[in-house]
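Visitor: These are the residues of each chain, in order.
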Amino acid sequence: DTGVSQNPRHKITKRGQNVTFRCDPISEHNRLYWYRQTLGQGPEFLTYFQNEAQLEKSRLLSDRFSAERPKGSFSTLEIQRTEQGDSAMYLCASSPSSYPNGYTFGSGTRLTVV
Amino acid sequence: GDSVTQMEGPVTLSEEACLTINCTYTATGYPSLFWYVQYPGEGLQLLLKATKADDKGSNKGFEATYRKETTSFHLEKGSVQVSDSAVYFCALSTTQGGSEKLVFGKGTKLTVNP
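So the protein sequences, as listed, match chains A and B. The first sequence: position 11 = 11 (my numbering), numbered continuously. The second sequence: position 98 = 98 (my numbering), numbered continuously.
All clues stand as given, with none of them false.
Partial list, derived from the structure: chain A residues whose beta carbon lies under 10 angstroms from chain B:
id : residue
1  : G3
2  : V4
3  : R31
4  : Y33
5  : F45
6  : L91
7  : G102
8  : Y103
9  : G108
Honestly, the hints are just simulated from the structure, not real lab data. Note that the structure is a prediction, hence the values are computed from the model and not measured. We put the CB at the ideal spot given by N, CA and C, even for glycine.
Isolated chain A, as found in the complex:
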């Protein structure tokens, strides 16, 4: 197991386009999280899955954002009609059920909206 994998590493898109990011968690981890990190700030929580169920969404996750985790394995985060303010690093993390052990983070997807 190579840890949490995120693709793509970088994405440049024009304002108004849709983008989708993928996260492959550690296989035995049933919890998956998405965070957003803007320049000079710490990561901010976006949403959380336990298996395939999306159990919590932050107010940061506007209607243009949608996340899925079919079959409780990989997850996708889609942003529709991107805006320049969406430019950030999008981080995925996973953890086992046992608490508290902290997360394992992926390397992130850096989104630039031009």
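Following the hints, complete the assembly by docking chain B onto the known chain A.
Guide: Chain B only, in chain A's frame:
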């Protein structure tokens, strides 16, 4: 709501100097506390953690003690190396809503010069 305040950087030290990065928190209940490190171009890595008052987390020569009376979790290292250059994030884990999401500070960039 829950929050983390950490010492603003950047911090620049010479090799073998002592390091302290201050971190204080505000939380309801009894959070777990973490330090994460982010090396250039990489994702966040868990450096150390503490789950209850007076616990000391340690790893790679770094230490932090969970001080409930001062709501603090300061990161310390007696002798830093060039390879410690990175951004350090203090975080707490809250179980509000059952998600065990992390709340991060803004990060402190450390540069160690030879």
